[in-house]
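Each protein sequence line maps, in turn, to chains V and C. Mapping the first sequence onto the numbering used here, position 30 (from 1) lands on 30, and the numbers just tick up by one. Remember, the numbering used here sits 113 above the position in the second sequence when you count from 1.
Since the hints were derived computationally from the structure, they do not count as laboratory data. Mixed in with the good hints, there may be bad ones.
What the hints assert, rightly or not - Negatives, chain V to chain C, calculated, CB over 10 Å: (1) Thr20; (2) Ser22; (3) Gly53; (4) Ser70; (5) Glu79; (6) Thr86; (7) Val112.
Stated by the list, open to error - Below, simulated SDA-like cross-link-like pairs (lysine to any residue); rule was C-alpha separation at most 20 Å, straight line: (8) Lys213/C - Val88/V; (9) Lys213/C - His41/V; (10) Lys213/C - Thr39/V; (11) Lys65/V - Gln37/V; (12) Lys213/C - Arg109/V; (13) Lys213/C - Ser87/V; (14) Lys11/V - Gly63/V; (15) Lys213/C - Gly42/V; (16) Lys213/C - Gln37/V; (17) Lys213/C - Gly196/C; (18) Lys213/C - Ile60/V; (19) Lys11/V - Leu80/V; (20) Lys57/V - His41/V; (21) Lys57/V - Thr204/C; (22) Lys57/V - Ala203/C; (23) Lys213/C - Asp59/V; (24) Lys11/V - Asn24/V.
From the three backbone atoms N, C-alpha and C, an ideal C-beta is built for every residue, glycine too.
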Amino acid sequence: EAAVTQSPRNKVAVTGGKVTLSCNQTNNHNNMYWYRQDTGHGLRLIHYSYGAGSTEKGDIPDGYKASRPSQENFSLILELATPSQTSVYFCASGDWGVEDTQYFGPGTRLLVL
Amino acid sequence: GQQVQQSPASLVLQEGENAELQCNFSTSLNSMQWFYQRPGGSLVSLFYNPSGTKQSGRLTSTTVIKERRSSLHISSSQTTDSGTYLCAMATGYQNFYFGKGTSLTVIP
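With these hints in hand, go ahead and build the complete structure from the sequences.
As structure tokens, this is what we get:
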């Protein structure tokens with residue numbers, strides 16, 4: 001079974017502060033994704049990556065940056081956190097091939113005060 | 114943009130009853146997946162099913178590409194089936210688009 005871990009699991013931040021959410025996968029998948037999940041909106045894609053050194057904008061990238069320094073790690077960065085970024089954030093990894101599936105991490109609950 | 118519609122939005126069943134969850138897509142797809150999400154938890158893949166029918170225990174997924182729809186059938190529901198069921202589709206080799214989910218509650 002694919003393994004995706006996220007840290008921290010819970011985070012309280014202040015408005016205007018910098019927040020970094022980290023994701024690690026041990027499956028050697030090329031693709032990694034960051035989503036946020038909010039009531040009424042479902043899962044929305046923020047950024048994704050095809051491999052080390054690449055980042056692509058998803059559907060709602062404003063206010064977020066991403067970094068993929070290695071195959072295993074993918075970070076989501078909020079340079080200036082705002083209360084509207086309070087949400088649950090999920091990281092996922094996967095590959096396109098025989099089965100185009102995604103494996104999700106446990107999620108990070110972020111509260112921006 | 115991509116549209117993924119799930120129905121019903123919520124469903125309450127008596128234990129032992131069957132459930133039929135629907136997912137409809139506004140465009141053609143080349144990849145489709147069903148997920149289960151525990152309350153407050155992460156997503157667990159149930160089926161990768163871009164076409165045809167797949168079964169796993171009490172769960173059956175059927176995707177009909179030309180009709181742009183997929184269904185998830187749960188037979189003999191149990192209280193442990195309670196949670197949210199999400200479908201996701203992709204039209205190309207980029208990313209998945211998710212529906213808003215069906216919240217299922219199974220009461221004893």
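Subject >> Violated hints, by number in ascending order, as checked against the structure >> reply: none
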